[in-house]
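S.K.: Listed below, chain by chain, are the residues.
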Amino acid sequence: MIAQYFRPSSLQEALDLLKGNDRIPLAGGSYISSSLTKEPKTYDVVDLQDLHLDKITFSAEKITIGATTTLQTLIDLHRFSDQFTTSILLEAPLNIRNRVSLGGLLRTCSGKSPFVTILIALNANIILEPGTRTMPILDFISFRDQYFPGSLITKVLFQLDQQVSFQYISRTNADFPILCVALSMKGVHRFRQALGGFGNTALLTVDGNADDDFAHAASSACANVSKTWASHEYLSSMAEVLSIRCQKSLEPVVSN
Amino acid sequence: MQIDLLVNGTSNQFNILPGDNLFQVLRKAGFHSIKFGDELGQTGADTVLFDGKPVNSYLILAVQAVGHQIVTAESLGSFPDQGWKKSPGLHPLQTAFIQTGAIQCGYCTPALLLASKALLDVNLDPTEAEVREAISGVLCRCTGYEKPVEAVLLAASRIRKSDLKRDSTNFFIPFSQNTNSNLIGKSPAKVDALKLVQGNPVFTADYEMKDMLFAKILTSPYAHAKILSIDSNEAESLPGVKAVLTWKDLPRVIYSTAGQSDPIPGPLDTFSLDDTVRFVGDRVAFIAAETREIAEMATTLIKVVYEELPAILDPQDSQKENAPIIHAEVEYVNFAGSNPKKNLAAEIRIDIGDVDKGFTEADHIFEETYTVPKVQQVHIEPHVALSYWDEEDRLVVRSSTQVPFHARRILSKLLDLPVKRIRVIKPRIGGGFGGKQEVLIEDVVSHLTIATGKPVFLEYTRREEFTSSRSRHPMRLKMKTGVKDDGTITANEMIVLSDTGAYGCHALTVTGNTGHKAMGLYVGDGDYRRHPNIRFHADVVYTNTPPSGAYRGYGVPQGFWPVERHMDLIAASLHFDPISFRLKNAIRPGEFHPFSTAWNEGREPQPEIIHTVGLPQCVEEGKKTIDWDNKYENPGWKNSHPNQRVRKGIGVALAMQGTAIPHLDMAAASMKMNDDGSFNLLVGATDLGTGSDTVLGQMAAEVLGISLEDIIIYSSDTDFTPFDKGAYASSTTYVSGTAVVKAARQVADQIRLRAANLLKCPQEEIILKDSQAISSDNRSVSFSEVALSSLHHFDQQQIMGMASFAAQASPPPFSAQFAEVSVDLDTGLVTVDQLVLAVDSGRIINLKTSFGQLEGGMTQALGYAVCEEMTYESNGKPHETDLSSYHIFRSNEMPVMKSIFVETEEPSHPFGAKAVAEIPMDGVAPAIGNAVRNAIGVNINSLPITPEKVWGALQNKGS
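Those protein sequences? They're chains P and L, same order as listed. Just so you know, we're using the numbering used here here: the first sequence kicks off at 4 and counts up by one. Just so you know, we're using the numbering used here here: the second sequence kicks off at 6 and counts up by one.
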């Protein structure tokens, strides 16, 4: 149940409000409306919509995305590569993408999230307030339940001088992926491969160089994992297939 | 707290709680165009425009909307003629939705309109892909999205004042070019389209009452358990709770939830509440409270002590020795071959001819086993019902039901109320597909109204639809077929294990239909045509899973998956052309329906000759449209995909359905003339979105020589409309339609008689045309003059008719379904690129609504083929409880779909019609399965055809 609603007009006011017990940030509202309103426990919500945390800035080397930017806004920019865009399209249907914020997604996503998978591959960071801490999103997601009460994601940023690819397998084209793999290449030496499809967070399976066996790493990550619509044999094999396809389909994150 | 919201350009003040979502607040304020579809925003039925963008109102706190512009479908446009006041009329999108036939049940229509408006507000010249993406947040289970997409493109072209350039995907081969019909074979707008396109409050949940209570059902967490004790004291003392009912509170009346004619053709094995629970999601207690939230809270306060019992989740375990018995109640009432001690809900043994001899006459025997999964109907409007005592102490039940008259009869027994004290009203239905051919929750609200004296409302959540409603029967089907060297089928056998879940509703009849239709199509050739050898044996067993039930197609899609896969396998093995082989053995006009000589749902068989078979023409038109001859055996085409690791394939499946249940299905209609020459047509038939009200109106209007606008159609209310068995078995056009035609003919005779008196000429000379009665010398009186004469002027009488019709035959529609696929050799992913369906449904009454049936049916069947399945954990808990995990097709991922009607003229219907609604469900899956085999040479015998199954088959082939 939601007891109180706050709509602060400044970041500081929001952070002060979030210091209270059982107070949670409210961005799009999809998660809170569908789950927390049904719980017997009482929460207060702090609505972020007046904080102007939805700015997107491109510089020569990086993009900074405000945490309340909706997923659909990123698509509507028409700046990102097809594969990057696909990972967002697969995250949720249009109506939901029009509301779900990037910060909200990072707070609530599971290991199946295709967009978070590609962000992990891109080594995206978040800016966390208070304290303006920069943190890799993988670290944040891995420990989000334990260590960050009262904190607020304000920005997500990643380097643009990378190439990226994203491959997935699902039951139908618009279905949520059974398994997805994302690969980024920075310069010619640095490669990061992430794998999504199960668990609490997408996995970083490679953070290394071209000599690494990406396909084997992806496949190994699926060993002993099975899910409703896929056995571990299939997941392992597909991880390998998708990884190989990723290696062949790297493209710049953004178009010029 | 108090907030101001800007809704449709007007500032509105609301008193809300901080946790209230926008959906609740707007619905309470009367914005009924916003519908509940699910809790997670997957259906998009709750769409509003939020600063111009489509969003889910259920997923936004109302207070978040302060300072933003909210638009609902109520703002789009309204009925143009409001008496002395004229409105600006409809929005071009609304007009286009009506004209293109984009509205079926209409439940998602307001959401589709808003999503489309959001697109056209920023892009008046969208591509089809952009339209499909723009409406992809809204799920429609009826239309297959073809006509909504066409509507948006049409509206856009009209707004920008240019022509719409889009190739038609519908093709019509008429029986005869020489038709004098004004309305038959035409496409007048649906009679309910205007109210649906405005989002008017026409559905069950739109009707609210003072002091209305909200019901909730506490359900079982166990697959099989005995309730040792149940303590509801704490729940009852929760403020706002008005009643808690457990099995101890209700009379112990055994019944079947199946909405079928009396006597129910199946076992009676269900109680409203019982001390044993038989699946996760089974009923434990009913709660009525002042709010939904309190009712939900009360479910957590009921203390239940269960003794967990061993459960059966795999139907193959049901008949093992020492298997747990799922129905041990002494009240159990058997039907036909049911035997609860063997967990057998129904047993079917049909042997036509001498099957074993037929096998000895064969040169080749083919045997294979196939399986089909449990799947959900997923009507976007969930099950919903409201009950209350009226001022005469009669119980009124408003329900989204396909079977109002059966519901009344069944409720009477359960509630200990005579039929005459129960009134069931069926408002518009937001889709049913068989899921509402069930008395699923009407008893819950009724019991609670009796307990509290108050109106009680219950609407399932989407989760409850998955855990506690009905589904398609999963089956395991073993085929054995004998074939001669020349391709003649000498004997055909299907042995089925069908899983009815925890209760036997529709157990016998669904599974019986599996054989009756699918195994009835191929009789063999030569002498075998007169003496076919066909065996259909089925055991329908109980398991501790949610009950199976009726679902569009009613067992036939299950049957055609193995039959049509098997026919393809045989043709490929013996190097026959797959289509010629099928047509050689398929039933022909003038032959007996083989099953009609042997089986009739537990009643006496009534042999029936099939008069019209349009299969060869369907095959010919379908082949041409999909370009079969240039693809089927063309390696160049199969390897033509731009991705070298993808192969293309093409497949076919033929199918036969039924039209109504002969010697059982009955419908009636009444019609009366009004002062202005218009007519009221009252039918008990239930239009669940198919457009059947429109089709019935067209037939009546054709008989009377009037326009459809001059008929006011009302369906259905057990107090006012005559009996109709309800909407199932593809029967409405045929059975209810014939009753309507008979009633209209009575009215026409009375009009002719009155007009003859007025015109002083013989009655036989009068023809009825354009709302006039015209004599042979071209003198005429208008219908309004006839009406005024009969109601007011002399020898007064009400011109009216009432008639009923009971089906004496079940003339089958036929289809040829084609599918084109691309198969990824590395992942096993099957992408369906094109579906072409050619159908013989006799004469077509309404072209647009009929094409809509084909498109919507193919889309549902497509999900059955590749992605839909309900699966369970080892403890019986469901994996799929929402529309994210249970995926149904969205507008932006549809294959190209083309539909063809090849008309025949069925002699047993006044206008030559046969059924159309179910046959598109039958051929899609096997055609896709056959196309996969054509592409990559592997057989997938189990639905759905998932990437892993294809990949596994490829691995096996490689090794």
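One or more hints might be untrue.
[To be verified] Beyond 10 Å from chain P on every Cβ pair, some chain L residues (computed):
| id | residue |
| --- | --- |
| 1 | 85 |
| 2 | 206 |
| 3 | 465 |
[Claimed, not checked] Chain L stretches covered by chain P per the calculated footprint, using a threshold of three residues with CB under 8 Å from any CB of chain P:
| id | stretch |
| --- | --- |
| 4 | 21 to 29 |
| 5 | 43 to 53 |
| 6 | 187 to 199 |
| 7 | 309 to 315 |
| 8 | 602 to 616 |
| 9 | 943 to 955 |
Derived from the structure by calculation, the hints contain no laboratory data. These numbers were taken from a predicted model, which means no experiment stands behind them. Ideal placement from N, C-alpha and C gives every residue a C-beta, glycine not left out.
S.K.: All hints are to be evaluated individually against the structure, with a verdict given for each.
M.R.: Cross-check of the supplied hints:
1. 85: 30 Å, holds
2. 206: At about 23 Å from chain P, residue 206(L) clears the 10 Å cut-off, so the statement holds.
3. 465: The assertion about residue 465(L) holds, with a minimum of 15 Å to chain P.
4. 21 to 29: It holds, with 4 qualifying residues against the three required.
5. 43 to 53: holds (count 6)
6. 187 to 199: violated (count 0)
7. 309 to 315: violated (count 0)
8. 602 to 616: Coverage by chain P is violated here, the residue count being 0 at a Cβ distance below 8 Å.
9. 943 to 955: holds (count 4)
Checked against the numbered hints listed earlier, the structure breaks hints 6, 7, 8; every other hint is satisfied.
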